[in-house]
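**Q** Could you put the whole structure together from the sequences, leaning on the hints where they help?
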Amino acid sequence: DQQVKQNSPSLSVQEGRISILNCDYTNSMFDYFLWYKKYPAEGPTFLISISSIKDKNEDGRFTVFLNKSAKHLSLHIVPSQPGDSAVYFCAASNFNKFYFGSGTKLNVKP
Amino acid sequence: DSGVTQTPKHLITATGQRVTLRCSPRSGDLSVYWYQQSLDQGLQFLIQYYNGEERAKGNILERFSAQQFPDLHSELNLSSLELGDSALYFCASSVDRFLGSPLHFGNGTRLTVT
Chain A
1 DQQVKQNSPS
11 LSVQEGRISI
21 LNCDYTNSMF
31 DYFLWYKKYP
41 AEGPTFLISI
51 SSIKDKNEDG
61 RFTVFLNKSA
71 KHLSLHIVPS
81 QPGDSAVYFC
91 AASNFNKFYF
101 GSGTKLNVKP
Chain B
1 DSGVTQTPKH
11 LITATGQRVT
21 LRCSPRSGDL
31 SVYWYQQSLD
41 QGLQFLIQYY
51 NGEERAKGNI
61 LERFSAQQFP
71 DLHSELNLSS
81 LELGDSALYF
91 CASSVDRFLG
101 SPLHFGNGTR
111 LTVT
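Top line first, the protein sequences correspond to chains A and B.
Under the working numbering, the residue at position 39 of the first sequence is numbered 39, and the numbers go up by one with no gaps.
Under the working numbering, the residue at position 108 of the second sequence is numbered 108, and the numbers go up by one with no gaps.
To be clear, the hints were calculated from the coordinates, so they are not data collected in a lab.
Computed from a predicted structure; not experimentally measured.
Some hints could be false.
[Stated by the list, open to error] Quick look at which bits of chain A chain B covers, simulated, 3 or more residues with Cβ under 8 Å:
#1 22-36
#2 58-71
#3 98-110
[Said to hold, decoys possible] So the derived list for chain B, only partly shown, Cβ under 7 Å to chain A, looks like this:
#4 G52
#5 I60
#6 A87
#7 F90
#8 D96
#9 G106
#10 N107
#11 G108
[As the list claims (entries may be wrong)] Non-contacting residues of chain B with respect to chain A, defined by C-beta distances greater than 12 Å in every case (computed):
#12 G28
#13 L61
#14 F64
#15 P70
#16 D71
#17 S80
#18 L83
Where is the CB? At the ideal position from N, CA and C, for every residue including glycine.
**A** Pasting the structure below:
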């Protein structure tokens, strides 16, 4: 039962442009949504989160948007940099029980 | 550096064997989570402990067990290993004092069963 889905396994973007990573979920009871970045041979690193009562949260180049009616969230990276190339996981939590998507591999080309 | 330490980094063992993976959480974190990642798939939740007590269970096989000790470090025991158990095993910790406390992951233990 996949409660969090990332339907795009990979995404390629030119340096300086916007990267948009998408995530869909099924459980309307999720209270927080998070994005993680993972480099090879490392564990996932927390990037940004958003509460279910908000629709946008921004931190520097990273912005997360939440559309509760569509059960959809997205991560925008502007401008994209080669160092952003990594696998991005979205996660949703319900009382601190976390569910992860399968990840999207972002490649930012110089 | 997340502050979460996992040992060993790599483990190669044969089918039928038993192994123990160890995790030391970040200082001050009471919750420890274990996840399995197979073949570039997503992170599958196995089990969570909070301050020594099991709090939540995910898709953890009966051959697998875990515990959290009084010093808050945790161990994941995998027994009667099968080829399909080969995966990356991640431990994560969280302060877990408020909703949305993010997880902080270790660098994982790569288990190879031959």
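**Q** It remains to establish, for every hint, whether it holds in the given structure.
**A** Cross-check of the supplied hints:
1. 22-36: holds (count 4)
2. 58-71: violated (count 0)
3. 98-110: This one holds; 6 residues, not fewer than the three required, reach chain B with a Cβ under 8 Å.
4. G52: Violated - the Cβ of G52 (chain B) stays beyond 7 Å from chain A, reaching only about 17 Å at its closest.
5. I60: For I60 (chain B), the interface hint is violated, since the closest Cβ of chain A sits about 14 Å away, which is over 7 Å.
6. A87: With a minimum Cβ separation of about 14 Å from chain A (threshold 7 Å), the hint on A87 (chain B) is violated.
7. F90: 6 Å, holds
8. D96: At about 6 Å, which falls below the 7 Å cut-off, the nearest Cβ of chain A leaves the hint on D96 (chain B) intact, so it holds.
9. G106: Hint holds; G106 (chain B) Cβ to chain A Cβ min 5 Å, cut 7 Å.
10. N107: Result: holds, 5 Å to nearest chain A Cβ.
11. G108: This interface hint holds because 6 Å falls under the 7 Å limit.
12. G28: 16 Å, holds
13. L61: Its Cβ never comes within 12 Å of chain A, the nearest being 17 Å, so this holds.
14. F64: Check passes; 18 Å lies beyond 12 Å.
15. P70: 22 Å, holds
16. D71: 21 Å, holds
17. S80: 26 Å, holds
18. L83: Per Cβ check, L83 (chain B) is outside 12 Å of chain A; nearest 22 Å; holds.
The structure does not agree with the numbered hints 2, 4, 5 and 6 stated previously, though it agrees with the rest.
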